[in-house]
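Trainee: First to last, the sequence lines map onto chains C and Y.
Per the numbering used here, residue 1 is the first one in the first sequence, and the count goes up by one each step.
Per the numbering used here, residue 1001 is the first one in the second sequence, and the count goes up by one each step.
These are calculated hints, taken from the structure and not from any lab test.
Values in this document were obtained by computation on a predicted structure and should not be read as measured data.
Some hints could be false.
Unchecked claim - Derived contacts from chain Y toward chain C, CB cut-off under 10 Å, selection only: (1) GLN1037; (2) TYR1048; (3) PRO1061; (4) ASN1065.
Stated by the list, open to error - Keeping only pairs whose Cα atoms sit at most 16 Å apart, straight-line, the calculated EDC-like set for lysine to aspartate or glutamate is: (5) C:LYS101 <-> Y:ASP1026; (6) C:LYS68 <-> C:GLU15; (7) C:LYS49 <-> Y:GLU1095; (8) C:LYS49 <-> Y:GLU1098.
Glycine included, every Cβ here is placed at the ideal spot set by N, Cα and C.
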Amino acid sequence: AQSVTQPDIHITVSEGASLELRCNYSYGATPYLFWYVQSPGQGLQLLLKYFSGDTLVQGIKGFEAEFKRSQSSFNLRKPSVHWSDAAEYFCAVASTGGGNKLTFGTGTQLKVEL
Amino acid sequence: NAGVTQTPKFQVLKTGQSMTLQCAQDMNHEYMSWYRQDPGMGLRLIHYSVGAGITDQGEVPNGYNVSRSTTEDFPLRLLSAAPSQTSVYFCASKENTEAFFGQGTRLTVV
């Protein structure tokens, strides 16, 4: 069965500092990988996705993520965090068959200090 | 663009009551799903549907029923609400593998 681990429950960074959120997945084949962001009281918004090809993917709001098959990781990065980036971030993996079910990690809460 | 619309946004139920959470999408997506979100547990799949007339169970289906009579609508029914079903519920529709989420329904069972 597919699974996602986000080892950091909370992360605090200063505005302007760089950010890396960790995500490890378990899936038997090449997965589809996603990062979503959730602001308080809101639904989930897709930041970026990886299906195949270039292992460094660019997303919205200046985020990027790198797929590393050897480490089963898909870490999210941003060079300079803005106060508006404070939110909860979810990594997700989708199976490539059987309905493409999305499995989410438990999320990382990002706090940005001014 | 309405996208995925969930109603109601908030609901308080008494234990044992039943209710239906509504979800509608206007993107003609075949795949729809329901998740519940609980602190520290991320989003867990309750039920999903790959098209009208077809539904299947997800990770945490107990206590919930679904049906899919049209492509647009995918209601989630709680037959006899329990405090353990207090949660935030999200409906999503998917094209290929990109999912679009509704704004959520915050349900409290007392």
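Trainee: Work down the list of hints and note, for each, if the structure agrees.
Mentor: How the hints compare with the structure:
1. GLN1037: Holds. Min distance 9 Å.
2. TYR1048: Given a least distance of 6 Å, the restraint on TYR1048 of chain Y holds.
3. PRO1061: Because about 13 Å separates PRO1061 of chain Y from the closest Cβ in chain C, which is outside the 10 Å limit, the hint is violated.
4. ASN1065: violated, 18 Å
5. C:LYS101 <-> Y:ASP1026: Status violated; Cα separation ~21 Å.
6. C:LYS68 <-> C:GLU15: Violated. LYS68 of chain C to GLU15 of chain C sits at ~27 Å, over the 16 Å cutoff.
7. C:LYS49 <-> Y:GLU1095: holds, 13 Å
8. C:LYS49 <-> Y:GLU1098: holds, 8 Å
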